[in-house]
Structure formats: structure tokens, C-alpha cells
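**Student:** Sequence:
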Amino acid sequence: MANSVPAIQQEMLDAIGVTSIEELFAQIPRDHRLARPLDLPPALSERELRRHITDILARNTTTEVVNGHKQGQIDKLLPWNCPVE
Numbered sequence: 005m006a007n008s009v010p011a012i013q014q015e016m017l018d019a020i021g022v023t024s025i026e027e028l029f030a031q032i033p034r035d036h037r038l039a040r041p042l043d044l045p046p047a048l049s050e051r052e053l054r055r056h057i058t059d060i061l062a063r064n065t066t067t068e069v070v071n072g073h074k075q076g077q078i079d080k081l082l083p084w085n086c087p088v089e
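Numbered according to my numbering, the sequence shown spans residues 5 to 89.
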């Protein structure tokens, strides 16, 4: 990951005017900070991530099917405060 390179981290810290990550987080009370490592899965490559997201998106249902548009219903969006008569 690009921002895990120490030189890039320091450049970002310099840009916001702090000298360390500890100084950056010093304003956050300790009891609001996570005291354990995050339990994250291994990082995916760009290709793996694209495939993973595509698989998730493929499970979505289009609004055309949900709102019955393909069954001859009128395709109109009305503001929530518009009276329907």
C-alpha cells in the first residue's frame, strides 16, 4: 500500500503539521481508540478486488424488476411531498 511507505507517511504528516502518527491521534481519548489489531482479511490484488466487487454487484436486483416497470407500470419519480390524486 502506497501510504505504508515511511517516506510517504512522513510527507503526509508534514503536510498536516504533525511529527508522528502518535501526535496525530493524541487528541483522541485512549478509551475511544481500538486497543487491539484489526482483524482484517489479507489484502486483495486489484484484479481480485475487481472480481470480488463485480460478484457482489451481480447479486443486486435492478429497480426495473422491483418496481414492475417491465410489467407496464408508469416509470415516474415523484417528490416525497408531492400529493398524488
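What the hints contain is simulated information worked out from the structure, not anything from laboratory work. Be careful, since some hints might not be right.
Computed Cβ-Cβ distance ranges for the label pairs, DEER-style [said to hold, decoys possible]:
| id | residue 1 | residue 2 | range |
| --- | --- | --- | --- |
| 1 | Arg40 | Arg63 | 28 to 34 Å |
| 2 | His56 | Ala11 | 26 to 32 Å |
| 3 | Asp43 | Gln14 | 36 to 42 Å |
| 4 | Ala11 | Glu52 | 26 to 32 Å |
| 5 | Glu26 | Ala47 | 31 to 37 Å |
| 6 | Glu15 | Leu61 | 23 to 29 Å |
| 7 | Ile12 | Thr65 | 40 to 46 Å |
| 8 | Pro10 | Arg37 | 34 to 40 Å |
| 9 | Leu17 | Leu44 | 20 to 26 Å |
| 10 | Arg54 | Pro10 | 36 to 42 Å |
| 11 | Val9 | Arg54 | 41 to 47 Å |
| 12 | Met16 | Pro41 | 36 to 42 Å |
| 13 | Pro10 | Ala62 | 37 to 43 Å |
Note that CB positions come from ideal geometry on N, CA and C, so glycine has one too.
**Student:** If a hint holds in the structure, say so; if it does not, say that too.
**Tutor:** Evaluated hints:
no.	hint	result
1	Arg40 with Arg63: 28 to 34 Å	holds, 32 Å
2	His56 with Ala11: 26 to 32 Å	holds, 30 Å
3	Asp43 with Gln14: 36 to 42 Å	violated, 28 Å
4	Ala11 with Glu52: 26 to 32 Å	holds, 27 Å
5	Glu26 with Ala47: 31 to 37 Å	violated, 24 Å
6	Glu15 with Leu61: 23 to 29 Å	violated, 35 Å
7	Ile12 with Thr65: 40 to 46 Å	holds, 41 Å
8	Pro10 with Arg37: 34 to 40 Å	violated, 22 Å
9	Leu17 with Leu44: 20 to 26 Å	holds, 23 Å
10	Arg54 with Pro10: 36 to 42 Å	violated, 29 Å
11	Val9 with Arg54: 41 to 47 Å	violated, 24 Å
12	Met16 with Pro41: 36 to 42 Å	violated, 22 Å
13	Pro10 with Ala62: 37 to 43 Å	holds, 39 Å
Going down the numbered hints, you'll see the structure goes against 3, 5, 6, 8, 10, 11, 12, while the others check out.
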